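Chains P and X, in that order, are what the protein sequence lines are.
Per our numbering: the first sequence = residues 1 to 395.
Per our numbering: the second sequence = residues 1 to 373.
Honestly, the hints are just simulated from the structure, not real lab data.
The structure displayed is predicted, hence computed values, not measured ones.
It is possible that some hints are incorrect.
[What the hints assert, rightly or not] Here are a few chain P residues that face chain X, going by a calculated C-beta distance under 10 Å:
1) A24
2) L43
3) S45
4) S57
5) F60
6) I115
7) D137
8) L330
9) T333
10) S337
11) V348
12) I368
13) I375
[To be verified] Negatives, chain P to chain X, calculated, CB over 12 Å:
14) P247
15) I269
16) Q310
Note that beta-carbon positions come from the ideal geometry of N, C-alpha and C, so glycine has one too.
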Amino acid sequence: MTTSTPKRPPARPLRLSLDDPRIAGLFWQILVVGIAIGIVAWLWSNAVHNLSVRRISTGFAFLGREAGMPISDSWIEYTPKNTYLRAFIVGLVNTLRVAVIGIVLATVVGTLVGIARLSTNWLLSRLAAVYVEVLRDLPLLLQLLFWYVLMQGLPAARQAWKPVEGVFLSNRGLILPSVPLHDANLWTLLALIIGLIVFLIVRRRLIAQQMLDGKARPVWPYALGLVVALPALVSFLVGASWSITLPELRGFNFVGGLTLAPEYFALLIALVTYTSAFIAEIVRSGIQAVPRGQWDAAKALGLKPSFSLQHIVLPQALRVIIPPMTSQYLNLTKNSSLAVAVGYQDIVSIANTTLNQTGQAIESIALIMMVFLTISLGISLFMNWYNARIALVER
Amino acid sequence: MSSLAHVPQDPLPIGRPRVQRTLGGRIVLWLRTNLFPSVTSTIVTLLLLAVLGKACIALWQWGIANAIWFVAGNDTSACRALRGVGACWAVIPEKYRFILFGTYPFDEQWRPALVVVIFIALFAVSSRRSFWRKELFLLWVVALAVIGCLMWGGFLGMSYVSQDRWGGLPVTLILATFGLAVGFPLGILVALGRRSKLPAIRSLCVLYVELIRGVPLISLLFMASVMFPLFMPDGVNIDKLLRAQIAFILYAGAYLAEVVRGGLQAVPRGQSEAADALGLSYWRKNLLIVLPQAIRHVIPPLVNTFIAFFKDTSLVLIIGIFDLLTTAKTAIIDPAWQSFSVEVYVFVGVIYFAFCFAMSRYSRSLEAQRGPT
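In isolation and in its complexed conformation, chain X is listed as follows:
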């Protein structure tokens, strides 16, 4: 996205004598150049400091000084007495199991917890450049299979848990990961189709991409939840989670196709012509020559699309699938805890932020490795 993030800061004016300064002197110099260089800038700094100080004090008082961290049982009267004055973080230890894992059987919740760990490990491994080999693909297949086994269970003494009891963070991660894992190959195919010389295939791909990108994700999710059953023959009853998953795959496919297409356009024509001259078939040419170069070009925007996609999984709240945001919203239906939604949203926000921030840092480090283009 921002390919210009590495424009260097202004260098110090040339010719300034390099004076050995004391630490205090350097701090004063830094303050003078960065916070108080001119009258306007000084006014801005002082104003901001005042506002920031006030906000920090208010946040400190609400979030820490006056906050209540634990209450006994469901007795929230102490929290309610402090409403608006202090946060009631007690809602988190009380509800975190439900927020993280939904209605998954309580004694079996080590399974979704393990699934989350596997997911994170999988992402961590995939982000390392040294692991970008064919074996990674195998690893993904194995890991996703293990995740499926753990969630469903039904063997090795693990009881069977049907999908409608899944919830929380694992569902968010499943929707995002499977959506990307299937949507990415789909996106590549569509991107190739959109650049194909065959008019029928090209127009089909254009139609698909523009149709999906032109409408809000919610309408696709509505389609999956209310229209899809109408389109199935009698007796075929596909689970709600799977239907949403299909909608997400189609959605991811269209957006990723556009990113990949951008990469394909950046590969010089000569590459594909040389492959033709060597007599490679269409698929070998694209798989071995064109796509590796194209995808390398667009890794940062791809990661940005992943981030957007991860955030967008929260929209399943509207069709009533229990992802992380839905469990958070449901957790505070409990009358005793009803008025502490802000605390719960902050908790869930931290989780979402951790994932997205990690991805965006990663995207930036990739850009930095590649250097300015």
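Bound conformation, chain P alone:
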């Protein structure tokens, strides 16, 4: 493709034959692209014909119509009188709710199991190995159905299990104590987040200064001020109340508290346990990838074990861990679409219902694909950024 650069020998004259690599290249490309366009055009013309025969309207106008589908588990205001667009947004929120919480929990559980797998305690490492092996070798859908059946087999609300005061486990799901989210509390949370971000920036600058002159500067006053004092002050000023509401059994159901519906809870458990098995293997191989010599060298320099773990071993292990971890996060997000099998209304389930109600299959599936491609791209971009940040700076 590239035309000659100055240093190259003069280009050979084109021969109009398939033996010439340039002509051959052009020929193959035109052929393949032609076939691809041909297939797509053929499919498209069939679709247009079929849609007109079946009197299915096209376009996304249906999004503005009344959905008429009940959604039982939603974090945002929704009634069946709302539009399809709103139903899709509810579904998207539900998908993200499972995916984000699932990713966090799976990372924690997976890391713990991965470290347990390396423990010198024989029993602990064997148990971790069994956990990993069993969960990895069973289909996720089977595990999901299994958890859901177990969830349905739990006692009714009146005989709910109470492992800790204020926590109920019954066939209505898991009910936890909650903190009411008033405006005042949200302001405090906002202050906490801002304080945390500012603190991280300050910490980076302090470390950068230490790199220059080698003098250690204390970080904790900033931590105290920005992460503890600032939110506390805001909380006091806006008068936030942090009283925890304990759920109570009234009649046949629970009042107050945070309810995780059985469908959501089953899906979350299945996703977290399944993905954590893969994450455990990633963490284990990441830690094993750091040569023993690194520990020994840190010890020889007189560094404390916690310091050498944090500053010597972990940064090196993370380089091995992050890329496969990204694909596990993507898998978890995509696997959350199995929700449809237990009736948790995520975006796929809502699109499926829409498809059955309106017949607009192409648009519904296109919406699912768009949403997931966007989420996948988002996670990839974030993880690539993080990976680039921790990558080895090579000279």
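Following the hints, complete the assembly by docking chain X onto the known chain P.
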């Protein structure tokens, strides 16, 4: 995947005198080094032992001691009386034919059974390194043809059975095997295309791989079950199983392409340049020189992809194709057996586990043969 699985265990500290110990002494030593080396470790061991013991006793009581293994006819009252206390394994002898073979005509079920045996034999033969020859390809073609003949029938006195009556384990194996058998060559082509110097072909391959990998498998299956008929001309009515099979082939192709691409990247440039220098054509160069080396590099991740793919065939449950998981779920719709899903899921789980565990052991043994890289 885990190329580090063979990092050797810590050797015993050098300099420890080799004392001839009695068996009892060796056991005590092993216990002290592996279970009770320090205070924390001892606490962990004791805690785990307590939890494990409790769990084992509970499982024993539920699964064996209080379990009911057979009931007469459909009378499950004894099982229901013991709900939550003992397992009702009686559901398995009652329903196993349906779970394994679905609605395939009962008297003809030796055919799918034989198909399962052929599949397992085929996998066993293909896993042997000494059989990795050209003849293996022929064997696969013959075996898959025989499987098709057995399932459909319609000759030699075997009655014809249409695909919508197929079900259970054979369907799972068919979806997985045909998906891989067709998806693998497709994946190789796409992987080569993605490394091609021709921009149009390269971008087509990138588009295909990223599109398929970016969306959940379920959306592909929905596409196959509801969108595909819209895209076909009038009168063309492709069977549901075949449509799902096409979706699986496309799905497998994209994932396998990425694995093969990893292998292609591991082959040194010199190999392909040497082939060019010898004047080999593009296809001969790749088929004879580059691909054999590339695929050898990625056999363990390939097997891992096979495992993932095998498990993913269970997703056809959502579009209502009768694979092993769907038959299991359907078997317990029967009111008499409704509340014994856990037992049925355990049964099906054991079957899935057997296949996946065999594959993962195999992948590990391959890695061990190759040694650490």
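Status of the hints after comparison with the structure:
A distance limit of 10 Å between C-beta atoms decides the matter here; for A24/P the minimum to chain X is near 9 Å, and the interface restraint holds. For L43/P, the shortest C-beta to C-beta distance to chain X is roughly 4 Å, which falls under 10 Å, so the interface hint holds. About 9 Å separates the beta-carbon of S45/P from the nearest beta-carbon of chain X, less than 10 Å, and the hint is met. A least Cβ separation of about 13 Å between S57/P and chain X goes past the 10 Å threshold, and the interface hint is therefore violated.
Restraint check, F60/P versus chain X: the minimum CB separation of about 16 Å is more than 10 Å; hint violated. Checking I115/P against chain X by beta carbon gives a least distance of about 12 Å; that is not within 10 Å, so the hint is violated. Interface hint at D137/P: satisfied, since its Cβ lies 4 Å from the closest Cβ of chain X, which is below the 10 Å cut-off. Interface restraint check: L330/P against chain X, minimum CB-CB distance 8 Å, threshold 10 Å, status holds.
A distance limit of 10 Å between C-beta atoms decides the matter here; for T333/P the minimum to chain X is near 8 Å, and the interface restraint holds. Of the supplied interface hints, the one on S337/P holds, with its beta-carbon coming within about 4 Å of a beta-carbon of chain X, less than 10 Å. Taking 10 Å as the C-beta cut-off, the interface hint given for V348/P holds, the closest approach to chain X being about 6 Å. A distance limit of 10 Å between C-beta atoms decides the matter here; for I368/P the minimum to chain X is near 5 Å, and the interface restraint holds.
The beta carbon of I375/P comes within 9 Å of a beta carbon in chain X, closer than 10 Å, and the hint placing it at the interface holds. At roughly 25 Å from the closest C-beta of chain X, the C-beta of P247/P stays outside 12 Å, upholding its exclusion from the interface. Chain X leaves I269/P outside its interface by the beta-carbon criterion, the shortest separation being 15 Å against a cut-off of 12 Å. In this structure Q310/P is separated from chain X by more than 12 Å, as the shortest Cβ-Cβ distance comes to about 20 Å.
Hint check: violations occur at hints 4, 5, 6; the rest are consistent with the structure.
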